[in-house]
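Visitor: Sequence:
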Amino acid sequence: MKHNLRDIKNHTAEKLLSCQQCGRSFTSKIHVKTHTGEKPFKCQQCGKSFSGTGHLKLHMRVHIGEKPFTCHQCKKSFRSRGHLNRHMMIHTGEKPHACDQCEKSFAHLENLKIHIRSHTGEKPFACLQCEQSFTCMSNLKRHMRSHTGEKPFTCLLCGKSSRSSSDLKTHMRIHTGEKPFTCDQCGKSFTVASQLKIHVRVHTGEKPFMCHQCEKRFSSIGSLKNHLGTHSEEKPFACHHCEKSFRTGSQLKEHVRVHTGEKPFPCQQCEKCFSSTAGLKKHMRSHTGEKPYMCHHCEKCFPTTSGLKRHMMTHTGEKPHSCDQCGKSFRDKYHLQIHKRSHTGEKPVTCDK
0 MKHNLRDIKN HTAEKLLSCQ QCGRSFTSKI HVKTHTGEKP FKCQQCGKSF SGTGHLKLHM
60 RVHIGEKPFT CHQCKKSFRS RGHLNRHMMI HTGEKPHACD QCEKSFAHLE NLKIHIRSHT
120 GEKPFACLQC EQSFTCMSNL KRHMRSHTGE KPFTCLLCGK SSRSSSDLKT HMRIHTGEKP
180 FTCDQCGKSF TVASQLKIHV RVHTGEKPFM CHQCEKRFSS IGSLKNHLGT HSEEKPFACH
240 HCEKSFRTGS QLKEHVRVHT GEKPFPCQQC EKCFSSTAGL KKHMRSHTGE KPYMCHHCEK
300 CFPTTSGLKR HMMTHTGEKP HSCDQCGKSF RDKYHLQIHK RSHTGEKPVT CDK
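Note that numbering that gives the first Met the number 0 has the sequence shown beginning at 0, numbered continuously upward.
Warning: the hint list may mix true and false statements.
[Unchecked claim] Distance condition first, Cα-Cα at most 16 Å in a straight line; then the derived EDC-like pairs of lysine to aspartate or glutamate:
(1) K308 / D331
(2) K271 / E261
(3) K243 / E233
Hints in this document: simulated from the structure, not taken from any laboratory.
Could you build all of it, start to finish, from the sequences and the hints given here?
Guide: In structure tokens:
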């Protein structure tokens, strides 16, 4: 009798249980756990919990390394048939599920459903801690880690941890130098799509983010946030080594490495290490030859903004660094320091011969 009932459900697609939170209907109660967060099935090896036995069984293959489903075109293997089917569309290029509002197409129906919510504004997955809502479960899971502090995806090269596999994938491009997002207008490439989007505004002149205190406009929210600090003297993040203060926690974290000597970002081409991703990015240009900063007076290019700024002084004649003893001025601090030795008589460089 049970077997016949299951067959009837399969053939008629009968949905018996309606979810009170999102209105969708299912033949079992497992779906409800996506809203309640209930995960009664626990992995005995790593402690991770799941809402259903099927998910636990699939997870166990992570530990045993089992990947029984193989792609016959590229021989790549997968833990589930669903993952294999999803992968196969890379080879076929098939995107059978089209959005009737914007004509964007997707390989999978579930991705189309999630996309449609960008038109309807529907966000059925709510965080029980802060009531923020999301269009899909994966975004909710990623968000929940902001409350728990969990960062389960670790970079094997520098040890940095990320909240999601996509964040880790993006981070890895710092080490590999991969920049898959290219500007159609100038050919400049970027590691993430959001950086390209911000860069395009250099060409369009768009500055959608405005400071409400001085009405100055910016091309990115990050630039606006940095600017807002100029209106406030508040620097709540203090270094316990030297008591220097910073406006953001990330600035403090980067500064502390000056004291600890930590350099967690290695160059994959020459193994030189750096204390920040910005330092690594700047160094990578010595290998690639990239000089993205151009002088608009003579079109000479430079690998860093500081190099361009220093060069611009040859056009403007600006010499902002003055000697307090004789008043002579210089373009940079380095040449001022050398000049000061003519007053002090200091000669720190000796000839070995």
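Visitor: Each hint: holds or not?
Guide: Each hint tested on the structure:
A hinted pair counts as satisfied when its Cα atoms are at most 16 Å apart, and K308 with D331 qualifies at roughly 10 Å. At most 16 Å may separate the alpha-carbon atoms for a hinted pair to count; K271 and E261 meet this at roughly 13 Å. Among the hinted pairs, K243 with E233 is consistent with the structure: their alpha-carbon atoms are about 12 Å apart, no more than 16 Å.
Every hint from the earlier list agrees with this structure, and none is contradicted.
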